[in-house]
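Student: Sequence:
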Amino acid sequence: QVQLVESGGGLVQAGGSLRLSCVASRSITFYNMGWYRQAPEKQRELVATISTGGITSYPNSVKGRTTISRDSLKNTVYLQMNSLKPDDTAVYFCRAQDRVGLSSWGQGTQVTVSS
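Residue numbers (the working numbering): 40 to 154.
Okay, derived cross-link-like pairs now, DSSO-like style, lysine-lysine, Cα gap no bigger than 27 Å in a straight line:
id	residue 1	residue 2
1	Lys102	Lys124
2	Lys102	Lys113
3	Lys81	Lys102
So the derived label-pair ranges between C-beta atoms look like this:
id	residue 1	residue 2	range
4	Val44	Val139	22 to 28 Å
5	Ser111	Ser153	30 to 36 Å
6	Arg58	Gly92	20 to 26 Å
7	Ser143	Ser108	16 to 22 Å
8	Glu80	Lys113	34 to 40 Å
9	Asn99	Gly140	21 to 27 Å
10	Gln52	Leu112	30 to 36 Å
11	Ala53	Gly92	30 to 36 Å
Bear in mind the hints are in silico, worked out from the structure with no lab data behind them. Glycine included, every Cβ here is placed at the ideal spot set by N, Cα and C.
Throw the hints in and build the complete structure from the sequences for me.
Tutor: Now the structure itself:
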């Protein structure tokens with residue numbers, strides 16, 4: 040399985056922006072990639088996905104404020120988040136899903152948005 044390492048989290052004021060990175064241990068060309076988040080005492084939820092072909096998907100909660108992208112040459116997936124809200128506070132996880140549906144997860148990076 041591929042190993043994933045997230046970075047880029049931190050403390051930001053409401054209305055600010057962050058860019059998260061997820062670096063994979065090997066090529067992500069054939070992986071569908073995604074970002075998820077989990078707030079304290081809440082279930083993990085989808086933030087964004089990007090297919091092997093570059094098709095993206097977002098839930099309404101982040102649509103218009105968030106962009107996922109991938110750089111296969113760098114084995115990296117990015118999550119650009121703008122107009123951040125306190126409700127965006129969570130641990131953000133990267134996920135890689137291969138062609139048979141097996142998933143790998145990173146350890147997560149904390150994002151805290153202050154009001």
